[in-house]
Structures are given as C-alpha cells and as structure tokens.
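Chemist: Read off the chains here:
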Amino acid sequence: MSTATVESHDTPTDHNDHGTSTGISNTKLAMWTFLGSECLLFGGLISTYLLYKTRRGPGPDNTAIPTDIFDIPFTSVSSFVLLMSSLTMVLALSALTRGDNPATRAWLLATAMLGGVFIGGQVYEFTSFLREGVGFTHNPASSAFYTLTGFHGVHVSLGIVMLMSLFVASKQGKLTPKHTETVEIVGLYWHFVDVVWIFIFTVIYLIPVE
Amino acid sequence: MAITEEPLALASGGASNVERPLGALTRPKGGNGWRDWLSTVDHKKIGIMYGVAAMFFFVVGGVEALLIRVQLAAPEGQVLSAEVYNQVFTMHGVTMVFLFIMPLAAAFANYLIPLQIGARDVAFPRLNALSFWVWISGAVFLNSSWIVGGGGADCGWFCYSPNSGLAFSPSHGVDFYALGLQIAGIASLVSAINLIVTVLNMRAPGMSLFRMPVLTWMLLVTQFLLLFAIPVITVALFLLMFDRLFDAQFFNPETGGDPLLWQHLFWIFGHPEVYIIILPAFGVISEIIPTFSRKPLFGYSFMVFSGIAIGFMGWGVWAHHMFVSGIGPFSVAAFSLSTMFIAVPTGVKILNWLATMWGGKLRFTTAMLFSVGTVAMFTIGGLSGVTHSLAPADTQQTDTYYIVAHFHYVIFGGGVLGLMGGLYFWWPKVFGHMLNETLGKVHFWVMLIGFNLTFGPMHILGLQGMSRRIDTYSPGFGFEFWNMVATIGSFTIALSVLVFFFNVWKSRRDAPNLPAPGPDPWDARSLEWMIPSPTPEHNFDTVPTVEGLDEWWHRKYGYDEDKRVVRIATIEEAAQDGSAQGVHLPAPSFWPLVLALGLPIIGYGLIFNLWLCVVGGALAGLAVYSWALEPVDDPDADHGHDDHHDDSDGDGDGAEGGE
Amino acid sequence: MPNTLTETTTVSDMFKIRGRLPGVGLLLLFGLLAAGCASDAELDTLDPQSEVAETIWNLAFPVFILAGVVLVLICGAVLYLALKHGVRTYEGDDEFPEQISHNNSLEIAWTIVPALIMAAIGVFTIITHIDINGTDDNSITIDVAGESVEWEPTIVVVGQQWWWEYRYYLDGSQIETADLGDPRDLPPADIVTSGQFAFPTGTEVELIITSRDVIHSHKIPALNGTRDAVPGRYTPWKIEANGPGVYFGQCSEFCGLSHSRMRMQAVAMTDDDFQAWIDMQMSDATFDESLQGYVDAYRETGVGSVDDVENDALRGLDVFTTQCASCHLVGGLNDLVNGEAYDGADTLAGSAPNLTHLANNTTFAGGLFNLYNNEDGSLNRDDLAAWIRDPNAVKANRANDLPDGVLPRGMPARNLSERQINDVIAFLETLGPRPTDERIAATEVE
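Protein chains in written order, with the working numbering: chain A, 406 to 615; chain B, 99 to 757; chain C, 17 to 462.
Same shape as in the complex, but just chain A (with noise of 0.2 Å):
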C-alpha cells in the first residue's frame, strides 16, 4: 500500500483506492456500511409486517387487509420494471468507463424513469386500495404494508434524485472517467433498494396467507 503513494498525488480521486488499509475508497466503504445499517431498518419494518399482515381489527368495518386485494399480476410487472433499471444503471456504469457519454446520461435517465415508473405503479396501487377502504390507518395489517412499501418507495424516490443530479452533472461535462466510482456508488446504493424490494414482494405478496 505504501509503495504507491506517490504516484498518488497526480490526479485526485486515485488516492481514494490506495492509500486505504482495505483498498477500497472511503466513499465506497462508507456506502456498504450504509447498506449493512439499512438491512436492519428493512428489517425491523418487514419483520412488524409479518407480525401483523393478518391483523384485520376487530368488526365488519376493518376486515380487509392488504393481501385480500392484492393485484399481484401488476405488481409482478413493475417488480420486473425496477429490476430492469438495475441492469440499466449497470449499462450506464459502463458506458461510462468506456468514456461514451451520450450513453451515460441515456441509461442514467432510463434507470431514473424506469424508478420513476415504479413509483407510480406504487402511487396507482395505493390509491386503488384507498378506494376499497385499505387505508394507512385502517387497521395493523394496512399500517405495516404502507409503512414497509412506503419507506421502501422513499428509498427509491431518493436514488432517483441522485441519478438525476448525475444526469445534470453528465449534461454540464462534470461527469467523467475520472468518476466511475461515484457512479458505481449510487449503483451500489441503487441494487440495494432493488434487492430490498425482491424480499418484500416475496414476503408481502408472494407468500401465501391463510
């Protein structure tokens, strides 16, 4: 690790993968850390949506829960949309180390709205279980799907904000070679939220509730 330190000074960002006792960049570092924090916040919020997915409330008026009204052929297609922007955010990493940038901000933008068709899959299956009387507050099942799936749709409403910063930053020149890693950050952070999704669309929709 010493030996290399002095080429190191040349341009700024090699210094962020020598000169670390690990070898990875502080950035990078920092970000699976954050993960490995959020795979506890996840989990804590899916383990209270198992505990209370069959928890109607008491009388007529609270008996419908989330899985009675699922529409899991919907949600199967835009769980299949937010797997698609990972490949897509992989395709823009690329396109970037290979210095094409037109093809950067392309995937950039798709992953970003491929997030964004996600969400408002999320936004059109809320709204239709408002109107049959699912609402956040209806009963403990409804509070612990929205909770879960709401957390889960800031998560990815925020990476959309960052993929988008780097689209503007791509459009203004600032993105180049030289920050691969930065993209492959945000990537990191982003698979993340995609694979925090897959346990939730098995967990919640998949399984079967008697």
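What the hints contain is simulated information worked out from the structure, not anything from laboratory work. For each residue, glycine too, the CB sits at the ideal point set by N, CA and C. Each hint should be verified, as a subset may be incorrect.
Mimicking BS3-like on lysine-lysine, the simulated pairs with C-alpha atoms at most 30 Å apart in a straight line are [unchecked claim]:
id, chain 1, residue 1, chain 2, residue 2
1, A, Lys-433, A, Lys-579
2, A, Lys-433, A, Lys-576
3, B, Lys-661, C, Lys-100
4, B, Lys-604, B, Lys-143
5, B, Lys-459, C, Lys-100
6, A, Lys-433, A, Lys-583
7, A, Lys-433, B, Lys-143
8, B, Lys-459, B, Lys-661
Partner residues aside, some chain B positions facing chain C, computed with beta carbon under 8 Å [to be verified]:
id, residue
9, Lys-393
10, Phe-396
11, Val-430
12, Val-470
13, Thr-485
14, Ser-565
15, Tyr-571
With the hints as your guide, set chains B and C onto chain A.
Modeler: Okay, now just chains B and C, sitting in the frame of chain A:
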C-alpha cells in the same frame, strides 16, 4: 453522493486566506473564534464540543436525579407531584443515556481514534461535524419540551406502549421524546459509518487491525453496534409517531396492535445499547491500567476477541428485559441461557485487567483510581446482572429497585467512572495542561463513596419489594431508611461533580505557572502520546510507520540480552515536535450546522404546524445541495493521509520499499 | 526536561489507602444485603410463603451466595494488588516489572471455567423455570349456590388504571383464555372483587392476567413473582400460599400517574373460610329493611325516594344511586334498573370496582388505604371521606376537567357536600359483611 467529494484542503500552520469562490459560495477560513467552532470539521474540536455538551447534560440529568432523590427521601413525599415526577424520571433516563454517556464516549472516539491509528482526521470530516450539530440540535429539541411542549416526556425512557399512545399520554412530551431521539439517532448512525470507515481504511502504514490499541478496537465494535442498533429504534420511533400523528394502528390493542412489538423493537436496540455504553469505558481503562502498571495489557487477543464476542452475543439477549411480559416459557428459557453466557466474555475482561495489575508496579494516579474503581464497581453490577439472568429469580427482581441498582452499577460504576478516568488521562493531550491530581483524588473518593451510598442500598430496597418508577411509597413497608441513605449518597455524588468542575477551572487557571506536560506525561503506550500536548492541528508531523502493538512504547523502550526493559530513546528524542508546516487539512464548512438546524424545525412542524416541516425540509435540502456544491479550496491538493510518511528507508521520498 | 513521573505532594500521603475503600465498601454492602431482612417489610421478596416463591428462592439464594463469593474474591484481589504492588512514583527507567503480556492456557481456562459454572447454573435455572411455569391441573370441591362443584381454581386478574379486578368463574369447567374475548367485555362472572382476592391455602390457583388499558404487572412477592398484564393478551401465572393470611402486592410495571398507588392484597383462607367467602360474594348485597323500599322502587323505576330524612344510610343510598351507580355496580341494587342491565362504567377502561361487598374488604382505592383502622377496627372515615371528596387529591388520576369526548381514567370528584359524603359512607358501611378482626389486624398498608 456528491461529485465534488474530493476532500478539501487547507494548509495548516495558521489561518490562511484561501478564497477561490465557485459561484457565490466560498469556504470559511480557519481561525479560533466562535465562527471557527461553528464551522470546524477538525475531529479534535468536534470531540471537545461533544465532551463539553455531554458534561452540561450530565448536570441536567444530575439535577433531575437529585429531584428524584429528594422526592423519594421520605415516604409520601410532596416535593414533586406524580405528574412532574414521571416527567423528571423519564428525562433523567433519556438525558443520561442519550445526552450524556453516549456523547461523552463520542468525544473520546472523535478525538482519539484518528490519533491512535495515526491519521490526520476522520474519513468524512464534514459528516463528522454534521453528526455533532445534529446531535446537539436533537438534544436541545428534546429538552425544549419542558418549555414549549407542556413538560418533559413522561412515559419512561423505555416508553412502553400503549401508555405512550395518545389516549394515555395526550401531552406533547412523548412527541418530543420520539422526534428528539430520531434526530439524535441520525447523528449516531452517521458517526458510526464515519468512524468505521476511518478505522478500517485510514490506519497508518503497518498498523494492522491487531496492532490497534484496545480503545480503538472497543470503539470500533461500539460503532458496529450503533450501526445496526440505531435503525431498529428508528423503526420503533417511526411506528410510535405514525400512531400518534397519523392514527396508524401499530400499538392499539383494540384493533389488533401488539404492545409487545414496541418492546421487542426497543430492546433489540436497547440491549446492544448498553454495550454501546460500556465498551468505550472498557477501552479507556484498557489503556490506563497498563500505563500505570508498567506492563502491557494482559491478553490483548482475548481482550479484542471478547469485545467482538460481546458485540455479537449482545444481539441475542434482548428479551431478558421481557421475561415477565408473557412471551412464553420457551423464549424465556432461551434468553435466560443466552444472558448467562454473555457474562463469560465480560468476566474474562475483569480477569485480564487484574492480571495486568498482577506483578506490575501500580501508580494510583486519579486516572488509575477511576479505572480500578471501574473494575470493582462493574464487577458488582455484572454479578447482580447474572442474578437477573435466572428467569425465575427475575420474576422477583424485575421492575424493582434491585434492577435500578444493577444498571447504575454497570453504567455509572462501569461507564461513568471509566470515562472520568479517561478525562484525567487524556486531559493534558487535549488541553495542554494536567488536571490537578489532588483534587482529582478528592473527586474520585467522594464520587465512589457517594455512588455506593446511593446505589448500594437499592439492592436491598429492591429485594424488599420496592417497585421502580414509583413517585412515592407508603410508610410501613420498610423503605424509609435506605431511601434516605440513597438520597444522602446522591448529594455526595453531586458534591464530587462540583469538585471536578472546580478542578477543571483551577487547573486551567494554574496552568501557566506549572511545567508543561509535554507529549507524554504518563509514559504511555499508544501513538497519541508521541505528538505534542495539546495536539497540533495537523496531528502528526509525519505519519508514523507502525511495527507492532504499543508502537510508541517500543520507540521508547527495548529489551536487553536478559530480556529486561531498557530505554532506547527519551520522550523528547522519539516524539514529534509538531513543527510541520503546509500539511493539508480538510477545510471548514457551515453547511453541516445549517443542515442540522433544519431537523428540529421539521420536528416542531410535525408537532405544531406542518408548514414548519416545509421550512425545515427546505433548509435541510438547501444545506445538502450547498454542501455538495461548495468549492474545494485547493483542487490539486493531496489527501492528507498520504503526506509525510516516515522516511524510514532513508531514500527521501516518504515511502517504504524500493521506490 | 519536564518530568511528570514524580509526585511529591504530601497531601497524597493522605490517600495511602488507594484501592482499599472499594473493597471495604463492598464488604459493607454485602453485609447490609444480608442484614436487609427487615421485619415490617410486607413486600419482601426474601421471605417466601408459598411453594412457588420457595422454589424461586431455592434457585436465587445459592446464586446470590456465589455472586457474593465472586465479589469478595475480585474486590479482594483488587485490594491485594493495590497494596502489594502500589508505588508512589516511578523512579528512573529500571523500575519495570516483568512484561508478561499473555498466557493462553490460563486465559482459555478462565474462559471455560466460568462458562461451565454458568452452564451448571443454567441447568438449575431451567429446572426451576419448568417447575414454576407448569400447572397442576388440580381441582377442588366447592359449594356453589347449594350445588357441589369441582372447580379447577382459576382467577381472571384484570388490571386497569389504577386498580385490580378479580373475576371468578365457578361453574366447574376451567375458564380458558379462548372463552374470554375482549378484556373490556368479559363474560359475566360468578364473583367480581377489586383490590383484594381470596383463595384457599395449600392449593395452586391458576391466574389469567390481562389489562383493559396499558401494561400493568401483578406481583405478590411473598407468594409468587410478577407477571405482566398486557392489554390484548392473556398471560398465565399461578399463585398459592402455605398458610392463611393477608399478602401484599404492588403493581410492578410503570402504568402512568398512580403506578405507585396501585396495590392489592392476596387473602389466603382455610377451606371453610374460603367457602364462606364464596357464599358471601355470590350473594347480592343485603339491605336493611329501612332501605329496602328505596331499593325496590329504584330497581323498578330508576328512581327511589327518601322517606325518612333522619336515616343517614338511606340518604346515602340516594347519593349512591344518583352519583355513583353509573360506574359502580352493587349486586341487588343497580345490576338491573328499569329493565336495563348494568353495562360497565363510563371510564376509558370501561370498568369501575364492584362495590357489592365493599365493606368486606380491608382496603379500598385500589388496595391503597386501610378501610378499617388497625387499632380498634373502626371504619377509616377520614381517608374514605377524603377519597370520596376528591380522589385526584389523594391518588393522582385523569378524571376531572377533561376535554370533550375524553373518558376519565380514575374516579372523578363528584363535588359532594360534606353531609352527602358522610351519608354515602353510612350507606357503604352496610355493604358487608364486616371482615374478621384478624384480617383487619393483618392489613396494615399505611
């Protein structure tokens, strides 16, 4: 997430006038005034701010404790009404845990970790400043409930549901509790990420993980515990706030909400939390005891591994706080056993500290007194903890003063005494003068006596059946005498704290007339003692190359043919003199402070008026973008970490090997 | 060349004892612990009076001793090391002890040995745990309204802010949690008491514990440990007593304002006394003939008239029906009024203490005050009057000056005149029968 993530550079060696505006934004300059403190990203200044604020809240929490003790000194006390008492005991717990002992440990972590690993600062200096400002704004927000919230939170620090719900706690106290802790939790989480990356990535050349001082190791384990525990209480607090603000159905038993969900989430955080509290103190005394025994710490590997073991095992014991809550006999049995076994790595440490002292030459400076006191007091607390772990016995002990005795012995006797020792030990390094040793010893003995007088009798009170969290008790149950003793003890503790503050003031006043402590007044073992006191802004003139554990010790002492210790260099010869110029350091910034101010505004908005949320959110958002876009003062500068290595191979290029 | 390794202040001579005091303090503590068995400690956990409590104690006591031994050893070691190896200053560079840094075999040994000790304790813990959580499936023969019934002793314990209710279902089959439903809407019970509950000595009685509002915890230290009362859940526990007597308890989970004033007493009785108690509790209140006319009219029409203004108890009955009967049930009076059955209280928990045989209790206000003075057995008029006058003043609650739509938690002040208070006390006094002098003498809560 920002593009301009390159670190910022400001040449050290005095305030310089670097202004290269990018658009309208400029970076602040260094200096010493109050503006410097508000914009600093220097881990040392941040550590000092954490310490000062923590000691302030120690007094706040201590006053709350004295109020409790005055109320409970005699039966049917009339000093505090039940309503006010419930607020006082709640805020005492919340203040002492979240606003005193955690930030005091953070003070040590922030100040010492970079020094102990040979770094110039932490991985993300602005994020470090953010952690402090977010924490203190959360602390102020939480306590503002006394003024604008109609009183403090009154649900207990553990805030069980359904009592925490709107039906049973209609005042805003619980809202301030939940939002204040959320804000403070962000600070801890961000700081944990920062310090983990710092320790894993920024160690000096040659400093493998197993050459790090035990303090750094214990702090590293603590950061991992924070990293994983904070998100869980975050979830719990969100669920509570959604219930209270938006009528969610998480904790309403009438619609199927389960009060035990809160308990599980809280204690999955809460149990690692107690290890978060104690491990830093364990690390501190692991530095002090070897220094004042003139021997290395006995069993470095076991100390490190037992700390890691505590970190892992701490996740498997949480429901021992719930033995009688109705979780079912199988769960109770499992958690009873797991709790018994976590005593093993903790007990091992006690034996290692004793073995360090064994055959040593023990010099009882104030720091050493506190450290040895920690060992003894924590042993008491740990043993009463073992008695709790027996689930059947716990049915008689839980929710009595026996538990209050246990956790005060481990947290105060273990955590506080340990960190107090740390203050005496590192004071010269931080401030450039020693704390007066005589006053320090008075502080120690008065505090030790007061502490035992206060909490020792609580074992008896608990076993005699005095419930905890009661605002008063009736005469005739036999609680009068020991409660009065405990009250006297509590005022004794208060006296000792006054002695400490007097010591702080007097030592500073007397400092110009006393010899300077120099880099290493204690003849200590780790890297922070090879640089001047107080620490220069740039920390190390040259980043040392580390060849073993206790690197600094081995630069002063070696072994002769008969394996006896001989000095190979004086402190002056081996230490750095702090004279390096032009070392590049991270530049200051105001944006962490601005971002931090947005958060309590959002909090007030959620409680009083949603438009405030917009204001707070806008402020935070503006701060985030400004932070991302603010100029790097010196785009061609190096990252400070690689500068100025030891020229140990003599080829003049500051690097090792054949380059 | 600064040398801070020497310390020459003579004041430090005063502190020669160095590490001694922690050890002294601890030995003192241990001694105090042992001496902690005060005689007037009714909530004492160290004086078991039942098999359950004895089983717990048989596990806890040896472990306390072991902990004490370890404590003495560790603190003794600290003292010993401080005295043996303590030096005032470090003189020069040749004062180095042998630099032993580790001893793997020793460290492994002192990891394994404590682990084995914990394992052994664990085995005994699990044995005790299984014992105290097991149930006997016993049954006793009692006489219920003239019929002989095999009753599997079970009491439903319901906590609410800030008192305990006890419900007995005596129809012979054991009440199961599946039968119970919502704690605010429990099936009608044969016996409902508050603050004090009775059971036969030498018999294991199952408890089913729940809450109607927040989490409370039920504990009679002399007889069993604590168990939480959680709303929405039914938690099983058990209680028994070796001999007859009054055993004291206090709520042991923070439950708000009057957590400190939420108490109860377990009254263990001989079989005969328990049978008499059942008979008494299952009957409605009996009224003096001077009150009977009012009672009949009230039950018929919802209104009664006071035809003898000199009769304190009669005036008190009138106060009761107009001010108290909307919450408090007295069997035979307001269980069925003008065709409508009593349907609970207008409090958040939907319940208020059943007062049918109030005067047979020895405490009131949630087990908080003596109902009868210990010295002479007379009614404790002062505390009773203070309670009725303004409950919040003697036991903080949330029952007065509430915003619209908020139900009270606790008993509100009814703004009665002094005369009304005296009258209603005169009436309540008749809701007996009076308890035995022994039970009065044994109940000393203040």
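Chemist: State for each hint whether it applies.
Modeler: Hints and how they fare:
| no. | hint | result |
| --- | --- | --- |
| 1 | A:Lys-433 / A:Lys-579 | 20 Å, holds |
| 2 | A:Lys-433 / A:Lys-576 | 24 Å, holds |
| 3 | B:Lys-661 / C:Lys-100 | 24 Å, holds |
| 4 | B:Lys-604 / B:Lys-143 | 22 Å, holds |
| 5 | B:Lys-459 / C:Lys-100 | 9 Å, holds |
| 6 | A:Lys-433 / A:Lys-583 | 15 Å, holds |
| 7 | A:Lys-433 / B:Lys-143 | 26 Å, holds |
| 8 | B:Lys-459 / B:Lys-661 | 18 Å, holds |
| 9 | Lys-393 | 6 Å, holds |
| 10 | Phe-396 | 6 Å, holds |
| 11 | Val-430 | 7 Å, holds |
| 12 | Val-470 | 5 Å, holds |
| 13 | Thr-485 | 6 Å, holds |
| 14 | Ser-565 | 5 Å, holds |
| 15 | Tyr-571 | 7 Å, holds |
The structure agrees with every numbered hint stated previously.
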